Amino acid sequence: MSALLELRGIRAAHERITVLHGVDLDVAAGQVVALLGPNGAGKTTTLRVAAGVHPVESGQLVLGGRDMTGADPRDLARAGVCLIPEGRGVFPNLSVRDNLLMMTFTGRGREEIEEIAFARFPVLARRAGQAAGTLSGGEQQMLALARGLATDPAVLLLDELSMGLAPLVVGRLYEQVGEIARQGVAVLVVEQFAAAVLDICDHAAVLVRGRVERQGHPDGGLRAELSALYLGSST
Amino acid sequence: MTSTETRADRFVRELTVLKIPDPAAGRAALWLRAGAALMTIGVVLGVSAYFISHNTSDPLVQNDALTLGLAAVAGSVVGSALFLRYSLTGFLRYWMARQSYDVELLADRLLERELRHDPTGTDAAPR
Chain Y
43 MSALLELRGI RAAHERITVL HGVDLDVAAG QVVALLGPNG AGKTTTLRVA
93 AGVHPVESGQ LVLGGRDMTG ADPRDLARAG VCLIPEGRGV FPNLSVRDNL
143 LMMTFTGRGR EEIEEIAFAR FPVLARRAGQ AAGTLSGGEQ QMLALARGLA
193 TDPAVLLLDE LSMGLAPLVV GRLYEQVGEI ARQGVAVLVV EQFAAAVLDI
243 CDHAAVLVRG RVERQGHPDG GLRAELSALY LGSST
Chain W
12 MTSTETRADR FVRELTVLKI PDPAAGRAAL WLRAGAALMT IGVVLGVSAY
62 FISHNTSDPL VQNDALTLGL AAVAGSVVGS ALFLRYSLTG FLRYWMARQS
112 YDVELLADRL LERELRHDPT GTDAAPR
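So the sequences go chain by chain: Y and W.
With this note's numbering applied, the first sequence corresponds to residues 43 to 277, in that order.
With this note's numbering applied, the second sequence corresponds to residues 12 to 138, in that order.
Source of the hints: derived by calculation from the structure; they are not laboratory data.
Anything over 12 Å on all C-beta distances counts as not near chain Y; from chain W, calculated: (1) Trp42; (2) Ala45; (3) Ser59; (4) Val72; (5) Ser87; (6) Ser91; (7) Phe94.
Each pair of labels, with its calculated beta carbon distance range: (8) W/Asn74 - Y/Leu136: 56 to 64 Å; (9) W/Phe102 - Y/Ala173: 15 to 23 Å; (10) Y/Gly51 - W/Leu116: 45 to 53 Å; (11) W/His65 - Y/Asp140: 55 to 63 Å; (12) W/Thr27 - Y/Pro80: 33 to 41 Å; (13) Y/Gly51 - W/Val88: 42 to 50 Å; (14) W/Arg120 - Y/Glu217: 34 to 42 Å; (15) Y/Gly107 - W/Thr100: 29 to 37 Å; (16) Y/Arg214 - W/Arg104: 29 to 37 Å.
Please read all numbers here as calculations on a predicted model, not as lab measurements.
Every residue, glycine too, gets a C-beta built ideally from N, C-alpha and C.
Taking the hints into account, I'd like the entire structure generated from these sequences.
What follows is the structure, encoded as structure tokens:
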């Protein structure tokens, strides 16, 4: 199947410092693509470019076969591009129910959104009246995912899902991500800890200093090369 | 839309018809900065005009200072309006969403209480 999300020769900068030097990446519907790499490699910037919230210096952001470079991120979000940022992106002072309510801007009703969220994450139903800031890290990440799912995404962009979570919780969350992808959603996951995501992804790319150094199926060969790429030496 | 249409198909269809606005049209941040700048410049020029007019006995210079002062006040008012318009929009959007929710919740509670009420008047629950 053709890619829903394509990044073509993306160059992007923070202030005047170029951090992405021609990134190419494709994500098809139903596919989980992991973007791995050490801290400061440009992973989050790549994700923000894909969501349309970070401007590009050159290159193309192609969605559904159409060049959407420079499009308003709100239009992309309405069409079905959903970014779940690093740090969970929930409102800590609002209850779980109110956090979900915020997603009614998509046109879906409160009941429908809660039905989707609570069916996938039953623990959230038990915490419905609780302030989001008092949930555990894993539960907050579930809430962030549930809020994302409420937008009925076609392209889901996840930033550092595993941050600050126990490996067991991370494993469960990534199982859910795999489930979401199987429903036809194109998922791009940015992850610093490769082991967390390699088991469920269909394709992995390793970003080092703003360049995709290696990409392919997450088989033994790629896994073996990862540590060398992270450490900055060749195998 | 057909029933066999997948989410990916719908995504492609919606993007095809999506009108990409000219990025120059959405310059909210620029207007916000312009408003703040105009507001500040207006105040500075107004104060300057005051000192210019009080440090001279030449009526022509005083006339210029008056004109400058009035223009500065006008600029400051316009700048304040621009600043308020673009800084409050985001806040008010969420405030309105919250208000709508509270009203809906209140309506639900009143309706529920109404439905629970026994019209024969034998229930002890306060209305």
